[in-house]
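S.K.: Protein chains in written order, with the working numbering: chain D, 43 to 301; chain P, 837 to 1094; chain W, 42 to 320.
Just so you know, these hints were derived from the structure itself, not from any lab.
Each hint should be verified, as a subset may be incorrect.
Some chain D residues well away from chain W (every beta-carbon gap over 10 Å; in silico) [as the list claims (entries may be wrong)]:
| hint | residue |
| --- | --- |
| 1 | L64 |
| 2 | Y110 |
| 3 | Q114 |
| 4 | F212 |
| 5 | Q218 |
| 6 | T220 |
| 7 | P226 |
| 8 | N234 |
Distance condition first, Cα-Cα at most 20 Å in a straight line; then the derived SDA-like pairs of lysine to any residue [as the list claims (entries may be wrong)]:
| hint | chain 1 | residue 1 | chain 2 | residue 2 |
| --- | --- | --- | --- | --- |
| 9 | W | K204 | D | R210 |
| 10 | W | K158 | D | L221 |
| 11 | P | K1012 | P | R1027 |
| 12 | D | K222 | W | A180 |
| 13 | D | K222 | W | Q154 |
| 14 | W | K179 | D | P226 |
| 15 | D | K222 | W | K179 |
| 16 | D | K222 | W | E135 |
| 17 | W | K204 | W | H289 |
| 18 | D | K222 | W | K158 |
| 19 | W | K115 | D | R210 |
Backbone N, C-alpha and C define an ideal beta-carbon position, used for all residues, glycine too.
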Amino acid sequence: MAAAGKMSLASGAPAQRDVIVLRLLVALVIFGAWEAVSRSGLFYGEVIPSLTRIWTSLIKLLGDGVFYRNLQVTTFETVVALAIGAGCGIAVGIGLGANRFLMRAFEPYVYYLSPTPRIILFPVMIMWFGVGPSSKIALGALSAFFAIALSTAAGMRQIDPVLIRVGRSFRASLWQMTLKIYLPAMRVPILNGLRLGMGTAIITVLLGETKLSNQGLGYMIMQVYTRFDMPGLYALLIVVFLLAGAVNALIGHFARDGA
Amino acid sequence: MAEKSGPSFLRRNGPELFGALSLLAAVLVFEALVRSGIVNRFVIPPPSDIVLAFERVIVEENILGRFRDTAVEMVIAGFAAVGVGVPIGAFLYRSALWRRAMEDWIGALAAAPIVLAFPLFLVLFGRSPKTIIVMGFVHGLAPIILKMVEGLASTRPVLINVGRSLKMTSSQMFWKILFPSALPVIFTGIRLSWTFVLITIVGVEYLINLGGLGQLINELAERYDLPGTYAGICFVVLVSVLFFVILERVESWLQPGR
Amino acid sequence: MALNESQSVNPALVVDDVVKRFGRGDEVITAVDHMSFDVAQGEFVSVIGPSGCGKSTLFNIIGGLLSDYEGAVKIGEERISAPHPAVGMVFQEESTFPWRTVIDNVAFPLELQGVGKSERMDRAHHFIDMVGLASFEKAFPSQLSGGMRQRVSIARTLVSQPKILLMDEPFAALDEQTRLLLGDKITQIQQELNQTTLLITHNLTEAVQLSDRIVVMTYRPGRVKRIVRIDLPRPRTSDVVGSDAFGHYVAEIWNDLREEASRGMADSESAASRRAAHG
């Protein structure tokens, strides 16, 4: 007993093998419980479909051209939203980060508006940009803007001042300073901002599509829901979660390596 | 050191005043643009109409009742998230194996767009406030667990050694050393969590057209009551900002000297 | 050679009656007070003084980073009021770009000038070789030691072939042994390039080891206390540190410096006790 206690103190971190075994066990228990509930008939009809039916739906979904057409629409909207949100966010962030006056005048507004529910602006976006993709793009861009502007401003303030002096001592122009010192020095915070911005842009674009749209993955979710195709709904949500997670991990990876 | 009573209020708060004045100027510019017909008043109503609509929205739409509905949902979801998240976090801190196995998964849960699953929750819990509360709870859970673990793990080793040297029992150790030392970080978790809860609850109310403030905006928009919609949105934004500011104040009050 | 200690024929750099004050009203601090000296072509001059005597202010003025000062720092007939192409600066702080490899760090000034890639790399390679880092060209700064990173900074400054190399305590963060060995490297490079150099330092051995002349500064306000010519033989290496003549110079300059340094210490101690009394 005492020996075991000492062992665990000395070795510290648990073995990778144990971690994997535990994860497998947890996954197994979750799936097992799911299957048991599904077969017990505790819930009304289709609410908890069996895993095999979800799997079949998943395969069917991934083999269906309709899915890819809708995925394309959502991807397009998200990418354009992120491009606009990031362009404005980085520009505003640099302004707020470079200038103390602008920071004190305007950063509180950006900061305190950032954690408000963005989806409620959707009706306004529809009035401004119509019911098509533009209103989703606008909502996504607006959501992405805040995270990106704030982390760019913070990133700008944490640049090592000696690097700026180096640039000045070599008489770098403002353009060269921006391109060769400010932006590379802010790479990590900007990428982190993009990661957060991307996350909220995906969510708001998809929510916009569920609310009012005739295409995109959000629209597809509502269709499956209206048809009460529960295995299909689960399959679709799984795919959307995995895609969002993959994009998040990818940007996170770029933010980590190097630097 | 006593500050020299030199610079006037105007000089000290120049930038803030400039920010507020430019905001006011933007509102006035919009007013002028709409009144002169350059901007269609069926896209943006004149700001003065929006201000006037506030009274109507408050009186006719029972905004305080709706505010109470949303607040009740938030309180239930928020406290449930704390009540469940804190013990889970404490457990994960105790067991290095569970922590290593589950921390990444919980992180993934925190980043996942769960709110998109609202149709699923509608099926599971029906078109009732239950759905809204459960969704708020699910969104609020992960940050609390993660910050609880982080806070406990960041206790300075020397404090733990102090506890050991005093031969404290493990429950004394937890309540007298680990927990107080983790409290500021835990409250950061609560702030993040409750911000998510607010965003989710208002968002879901809007999306499924049920409950408090979110539904109000949906209804006003569907009635095409433009000034009303804008006023409702302003009201919700103000409430969220106020909520956020209060959480921040409490947090910094809990972290003296930082 | 047989001239007044403070004047040279056709100097590369002239510091002429420079004054710099900070603050306004009754809280003015005179950081640099009527300083005058010059640096001849190919000469190595050190400015030495206790911490807080205004050395870094002088560095920033000569580098053109502080344009608002009285008097004149001149290169030829030109008064410096912005970073000048003839002056290459090496900073005290860690100043390599962490996102660039060694060779890309060193090529940085050439990149700004729009030099073509292959020429850029050739010239950067030459100077990396000179500071003895040829096998680390592709490494990132985070993979190097502090001394190696400082050599990267020096190579980066040398690559733009400045007429005057201006260094602000470039070895301050390094340990004594590394400092001596890097001193050798600097001497060697300086002789190879016949590089006019002005070094700002608070380190006595470093100054004597490297310099032809040493400008000793007073503590607040920063004035020229004395200019000492170091007649140690060249080529020099760190072996010189053991010689009698070296010890003699160190003792002589320390004699001047001790008084200034203890004034500086008394000042910072009384400031600390004032803070403690108020706090």
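S.K.: Does each hint hold? Answer for all of them.
M.R.: Do the hints match the structure? See the list:
no.	hint	verdict
1	L64	holds, 35 Å
2	Y110	holds, 38 Å
3	Q114	holds, 35 Å
4	F212	violated, 5 Å
5	Q218	violated, 6 Å
6	T220	holds, 13 Å
7	P226	violated, 5 Å
8	N234	holds, 15 Å
9	W:K204 / D:R210	holds, 17 Å
10	W:K158 / D:L221	holds, 17 Å
11	P:K1012 / P:R1027	violated, 23 Å
12	D:K222 / W:A180	holds, 19 Å
13	D:K222 / W:Q154	holds, 13 Å
14	W:K179 / D:P226	holds, 18 Å
15	D:K222 / W:K179	holds, 19 Å
16	D:K222 / W:E135	holds, 17 Å
17	W:K204 / W:H289	violated, 32 Å
18	D:K222 / W:K158	holds, 16 Å
19	W:K115 / D:R210	holds, 19 Å
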